[in-house]
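Visitor: Protein chains in written order, with this note's numbering: chain A, 1 to 297; chain B, 1001 to 1269.
Note that these hints are calculated values from the structure, not bench results.
No false leads were slipped in.
In silico BS3-like links for lysine-lysine, alpha-carbon gap of 25 Å or less:
1) A:K9 to B:K1098
2) B:K1166 to B:K1098
3) B:K1155 to B:K1166
4) A:K10 to B:K1166
5) B:K1155 to B:K1098
6) A:K231 to A:K75
7) A:K241 to A:K231
8) A:K10 to B:K1098
9) A:K10 to B:K1155
10) A:K9 to B:K1155
11) A:K241 to A:K75
12) A:K9 to B:K1166
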Amino acid sequence: MARSINLDKKQQTIYGWLLLLPAGVLLSLFAFYPAVATFWSSLFSRGTRRRAAEFVGTENYTALFNDPTFWVVVKNNLIYAAATVPISIGIALAMALWANSKIPARGFVRTAYFTPTVLPMIAAANLWLFFYTPDLGLLDQIGGLFGFSSVNWLGRPDTALWAVIIVTIWKEAGFFMIFYLAALQTIPEDLREAANIEGASRWTFTRRIVLPLLMPTTLFIMVNAMINSVKLIDHLFILTKGGPNDASKLILYYIWEMAFAFFDAPAAAATTVIVLVVLCTVAAVQFFMLDRRTHYQ
Amino acid sequence: MSRFLRHIEGAGAILLAIIWISPLVFAFWAAFHTTSDAVNFRIFAPWTMENFRTAWEGAPWLRYFLNTFILVTVVLIGQFILTTLAGFAFAQLRFPGKDFVFILVLMQLFILPEVLIVENYAMVSRLGLFDTFLGVGMPYMASAFGIFLMRQAFKSVPVELHEAAKIEGCSLLGILWRVYVPLARPTYLAYALVSVSTHWNNFLWPLIVTNTTATRPLTVGLSIFGAPESGVNISVISAATMMSVAPLLIVFLIFQRQFVQAFLRTGIK
Chain A
1 MARSINLDKK
11 QQTIYGWLLL
21 LPAGVLLSLF
31 AFYPAVATFW
41 SSLFSRGTRR
51 RAAEFVGTEN
61 YTALFNDPTF
71 WVVVKNNLIY
81 AAATVPISIG
91 IALAMALWAN
101 SKIPARGFVR
111 TAYFTPTVLP
121 MIAAANLWLF
131 FYTPDLGLLD
141 QIGGLFGFSS
151 VNWLGRPDTA
161 LWAVIIVTIW
171 KEAGFFMIFY
181 LAALQTIPED
191 LREAANIEGA
201 SRWTFTRRIV
211 LPLLMPTTLF
221 IMVNAMINSV
231 KLIDHLFILT
241 KGGPNDASKL
251 ILYYIWEMAF
261 AFFDAPAAAA
271 TTVIVLVVLC
281 TVAAVQFFML
291 DRRTHYQ
Chain B
1001 MSRFLRHIEG
1011 AGAILLAIIW
1021 ISPLVFAFWA
1031 AFHTTSDAVN
1041 FRIFAPWTME
1051 NFRTAWEGAP
1061 WLRYFLNTFI
1071 LVTVVLIGQF
1081 ILTTLAGFAF
1091 AQLRFPGKDF
1101 VFILVLMQLF
1111 ILPEVLIVEN
1121 YAMVSRLGLF
1131 DTFLGVGMPY
1141 MASAFGIFLM
1151 RQAFKSVPVE
1161 LHEAAKIEGC
1171 SLLGILWRVY
1181 VPLARPTYLA
1191 YALVSVSTHW
1201 NNFLWPLIVT
1211 NTTATRPLTV
1221 GLSIFGAPES
1231 GVNISVISAA
1241 TMMSVAPLLI
1251 VFLIFQRQFV
1261 QAFLRTGIK
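Isolated chain A (complex conformation) (with noise of 0.2 Å):
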């Protein structure tokens, strides 16, 4: 490699080293160590001031299969991804297709789909409280215009999550859209040219060459889409709590309760392994399959 540095072999590994010690001792102490110790707790008994913690192999990991709470925690976080992920990329390439075109009042409609994301979580929550608030808030006041009984949608088990869910995507299709309109740009022109020439029409030309384009971006966004679909929880600690009777209680929220509101560690400890190797599978996944397909050029 002829641009590294003049600098002896030697010099270059002390050096390269020195430089990356820093942050290589933050990500020990903030990400391999505790991953590392998340596993090894996972192992142990939740100890007590007389007995101290004990090993016990797979005993927490049964314990966690056998608690009901647990798959349907499991089950809402499945809902929450598999309603968020595709729901937010669709809205978000809607967004990106007509933030790109030639309407009226381009601007506004640019910034009205991205300020969501500036906003913080809890603040998003805040905002959506009103129109989730039975008979005071918005949604059953027009809902009363057509004669719809009262809701309570934060209240009841089968609303409940989806009230959380339609939140989440308000928030982050704004920010995906960010990205598709990124990768419209890179689209030459003359490809439209092209299929104009042929008398492609718009939704042709959208559906055979641009949707095809956008392919790496979609899996991009879809990565960060799951990635979120595990992180995005801020906004239960506002609306439900993960309630009422778990109905909307998200992965994350279940682990901060055992651990910070329950404090039962281990079974804290187990199921962060769970999440832990299922983003890893999600990692892996994108690395050696998807990425290889879709990159034409």
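With chain A fixed as given, assemble chain B onto it according to the hints.
Guide: Just chain B now, with coordinates in the frame of chain A:
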């Protein structure tokens, strides 16, 4: 026909925009009205500042603002230093073990600090950093994302500049500071915007490691203020929400273009 469709699309785009912005607009409007006017949707009701007065007196907001500001600054400074050093090593030096370490760093993109709250909390307590700004900020300082970003930025610096500085007698750190850092300024700006907006809005981790007014950031303060147990009404919550999002929102509306560019720059590479 296609013109007609185009009009429908334009209408759809604007309708979606109105739906998207309406929660914010409505909360803004409600913040300036009494609760009964707000929930009964009396559009022409008189405006009032009363909610802001009540909200302002209900919590130490100034302190929360200051805390958030300090926190965001601490995180950003830490990130700049650590990611610059590591990014430079990955970009321009050759040494055994580099590729392996780089993969380890990339793994952190998926081992989210958010998921490791339990052990990170234990670590922060062990280091005696519970309820300090450093404790809130430290898990985010060695950001894998930032290291990756800086590595990309440094890789695009022409090697001639490096060699010229070398001939002038610059040390390795001198070259990093005088050649690479200035040339990567746009990347720093972009990263700063993303980092600031992320940490201004962060909630779960600060909720866990802060315990007093002296360190609690805005988001945590807002959640405590708006909790149902505290019994404040919805117009006052709106006012408090507006107050706490105002700084970032105003900055965003002014620097919208740069903001979006920044997100693009960091996202695409």
